[in-house]
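Q: Sequence:
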Amino acid sequence: MRRKSTPPADFDADWYANEYPDVATAIAAGHLAGAYQHYVLFGKDEGRKPNGADSDRAAAQFRAMRDAHGGEHYLTPGDLAVTRVSANRILLIGSCFLEPIAGHASDALDGTRDFWLANFHAKLPDAMPHPAPDYDLIVLQIPFRGLLPANAIWSLDYDDEAGHHRVFEHACRMIDDYVAENLKWTLAHGIPTLVCNLMVPQSDLTGRLLPRYDLRNTMYFVEELNRHIGRTIQQYANVYLLDVDKVSASLGRRYAQDDGVFWFTHSSLMPMGSDQDVRIEPMAHVYEHYHTDLPKFMSALWQEIAASYRTLRAADAVKLVVVDLDDTLWRGVSGDDAVIGPEMIEGWPLGIIETLMHLKKRGVMLGIISKNDEARIRSIWPRIFGSHMSLDDFAVVRINWTPKSENMAAILRAVNVLPHSVVYVDDNPVERAEMAHAYPGIRVLGRYPFYLRRTLAWAPETQVASITDESGRRTQMIQSQVVREEARATLPRSVFLATLEIEVSVFPVSYGSARFARAFELINKTNQFNTTGRRWSADAIKAAMDAGMTLEAFEVRDRLTSYGLVGVCLRSRRNIDQFVMSCRVNGLDVEMAALATILAAIPGDEVVTATFKETPSNLLCRDFWSRCGFTMAGDEWRLHPQNRPSIPAFIRVANTSR
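One rule links them: number in this note's numbering = place in the sequence shown (from 1) + 103.
Just so you know, the hints here were simulated from the structure itself, not pulled from any lab data. In this text, all values refer to a predicted model and were calculated from it rather than measured experimentally. Yeah, the Cβ is synthetic: ideal placement off N, Cα and C, and Gly gets one too. Treat the hints with care, since some could be wrong.
Said to hold, decoys possible - Only pairs whose alpha carbons sit at most 20 Å apart, straight line, appear in this in silico PhoX-like list of lysine-lysine: (1) 628 / 716; (2) 628 / 464; (3) 422 / 463.
Claimed, not checked - Pair ranges (Cβ atoms, derived): (4) 156 / 540: 28 to 36 Å; (5) 128 / 588: 54 to 62 Å; (6) 125 / 268: 50 to 58 Å; (7) 722 / 150: 13 to 21 Å; (8) 382 / 308: 22 to 30 Å; (9) 396 / 591: 53 to 61 Å; (10) 613 / 540: 46 to 54 Å; (11) 287 / 173: 33 to 41 Å; (12) 147 / 262: 58 to 66 Å; (13) 128 / 506: 44 to 52 Å; (14) 575 / 483: 27 to 35 Å; (15) 173 / 734: 55 to 63 Å; (16) 390 / 268: 21 to 29 Å; (17) 268 / 755: 55 to 63 Å.
Use the sequences and the hints to build the structure in full.
A: Here is the structure:
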C-alpha cells in the first residue's frame, strides 16, 4: 500500500511510543523501525492519534461516538434517519412482562400507548380499546408462563425423552392457539403487528456438561419454541417477529432477565419489588444483589420496535449505496503492485463487503465512484477479491478522474433514483463534503470505518419487510437498463422501442397474496412516477380494499431482461386513486399499455376520473393523465369514452388475468 515514509510535522514519535506501550515494545524488539511505521501500518486504521494535542480532543470525540453507537441505538443505528416517524396509537397486548415496557419513557417512537393485559384464558372482545383506524401498530407478547405449568419439565425423569417431546408439542399447540386468538384485531383491521419471541435462559438447568442441543436442555427448549413462533407467524399477513431475545442477548441477559432468581418459564424481567419479605435477616432489594439495567433494556427494545416500524413505513429508505475504493472498500491505495492482494480486504473491509452483498439481496443497488484508472482496477480486482465479490455485483461503476459529483450525476440518471435515496461512502472528507454540497439530500458516510458495517447492515433505512423476486434481480435489471439506454441514444425512438419486443402483463392483486408484498413495497417506495405520493399503511390499504378499491399491477419484460412487477394502479370503480410505476421502465410507454388494459374493465360509455397531487418529486408523471387523454375538470381529471388511450403498437399485452 502506498504510504508516505517521512513523518509529517504534526507526528510526535516520542509521545506516540510513550502513549502506546505496545509500540515501544515492538520497536525495542526490532519488529518496527520506528513509531511512525506503526502509525502508518496499523495505528491510523485503529484510530490512534499522532500527537498529544490531537489526542485529548479526539478522545472526547470518540467517546461521544462510542456512547452514541454503543447505547440503546447499538442494534438500530440512527445514522441514516432523516425524518421522524410517529404512530398515532400503539397497542401492546401481553402479560406483566410487557406492562412496564408500555409505560417506559422512550422517545424512540412517538404515539399514545395502550396496554391490554392478556393471558391464555381470556378472549379478545370484538371492539378494540379505541377505534381501529386510530392504531398504527400492535405489539403482541406470548407469556411463557401460560404455555406450561411450572413443573412441566422438572417433573420428568431425565431419561424420559418422549415426555420432553410431548411437553414441547403441547407448548407449540398453546402458542398456535394464543397467537390465533390474539391476532384477532390484526386480521380484522390489517394493523401491522410485531410478535415477541421468548428470552432464552442464561444457563441450562440440567448442567453445563450435558448435551446442549437436546430438548431436555432448557436453553435449547426455548430456542426451539422460538423457531416455532417464527414458523407460526409466517402464516399471517402483516405480522412480523420482534426479536426480544436478540435485544436481551446484545445488552447482556444478566442485566435484564430474571431466570437467575425465578423459575425458567416465568421468563420475565428482574422483579421490581422483591425486598418485601420479612426474614430473620432483613433483605435488600434484588438490585442490591445484582447489577441490572432494565431502563437500558426497555429503551433498546423500544428502539427495535421503532426500527421495525420505520422499515414497514419505508421511512428514508435507501435504494442505492455508492462506495469509493481506496481506503473504503479496501485498506490503503491500489497504486503499488507490490501490495496488491487479499490482505487489502482483511479485517473491517471484508465486513463491509459482506454487508454490501447482503444489501444487494435485499434489493439495494450498489455502485462505485473512484478516482482511479478503470483498466488497472479491473486487472487487479481478482487479485484483491478472489471469489468474494465481482465488479458485476455493482449495478453501476464509474472509475475515472472526473469529479465525483459529476459521476454521481451520471449514476443518478442511469438508475433513476433521487439523491435522498442514496448513501455515499468515502474515506476522504473533502470528497464527502463536495458530494453533500452538490446533492443536499444525499447521506454520506466513511469517517469511521468501524461503524460502517453496523450502519449499513442494521439501520432500518436499509432493511425491508420482505425480499421479492424483483429484489434479487434488481442489479441485473439495472445493468440491462444501462445497455438499453445506450441503444436508445443511437436509434430513432420508434425504431428503438420496436427492437425491444416489450411485453406487459396486467393482473389483480388481493391483500396478502404472493404479489401483494412487492406491490405494497412499490407503492410506498416510488417517488418520481407516483400520481399522489401517498404512503399507505397496511391497515389503511386493507380497509380501502375491503371497501371496494381494487389493486391492479403489471409486469414488464423485453428482449434484454424481465423487469418484474413495476407498476400498480389503485382504482375505486371508475376513479383512478393512484398510479405508480418504477422509473426503470420509464420512457417505454408501458404505463400507456397498462392503463389502457385496466380501463377495458370499465364500461365503455362511462367517464373515468383520476386523482393527481403534485409532490416535490413526481415530475415524471405530471403530464401522465393528459398524455392518456384526460382533461382537467375542477379538481379532478376526467376521461371521456372517445378519448380512451390505446395500447401502443410496439407493445404486446400478454397473459393478462382479469
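Q: Each hint should be assessed against the structure and marked as holding or not.
A: Each hint tested on the structure:
1. 628 / 716: Between residue 628 and residue 716 the Cα gap is close to 16 Å, so the pair holds against 20 Å.
2. 628 / 464: holds (17 Å)
3. 422 / 463: holds (10 Å)
4. 156 / 540: 28 to 36 Å: Holds - the Cβ-Cβ distance for residue 156 and residue 540, about 29 Å, lies within 28 to 36 Å.
5. 128 / 588: 54 to 62 Å: holds (59 Å)
6. 125 / 268: 50 to 58 Å: holds (54 Å)
7. 722 / 150: 13 to 21 Å: violated (44 Å)
8. 382 / 308: 22 to 30 Å: Given range 22 to 30 Å: holds, Cβ gap about 26 Å.
9. 396 / 591: 53 to 61 Å: The hint (53 to 61 Å, Cβ to Cβ) holds, given that residue 396 and residue 591 are roughly 59 Å apart.
10. 613 / 540: 46 to 54 Å: Given about 47 Å between the Cβ atoms, the range holds.
11. 287 / 173: 33 to 41 Å: holds (40 Å)
12. 147 / 262: 58 to 66 Å: Given about 60 Å between the Cβ atoms, the range holds.
13. 128 / 506: 44 to 52 Å: Hint holds: Cβ distance 45 Å, inside 44 to 52 Å.
14. 575 / 483: 27 to 35 Å: holds (29 Å)
15. 173 / 734: 55 to 63 Å: For residue 173 and residue 734 the Cβ distance comes to about 60 Å; the hint holds.
16. 390 / 268: 21 to 29 Å: violated (39 Å)
17. 268 / 755: 55 to 63 Å: holds (57 Å)
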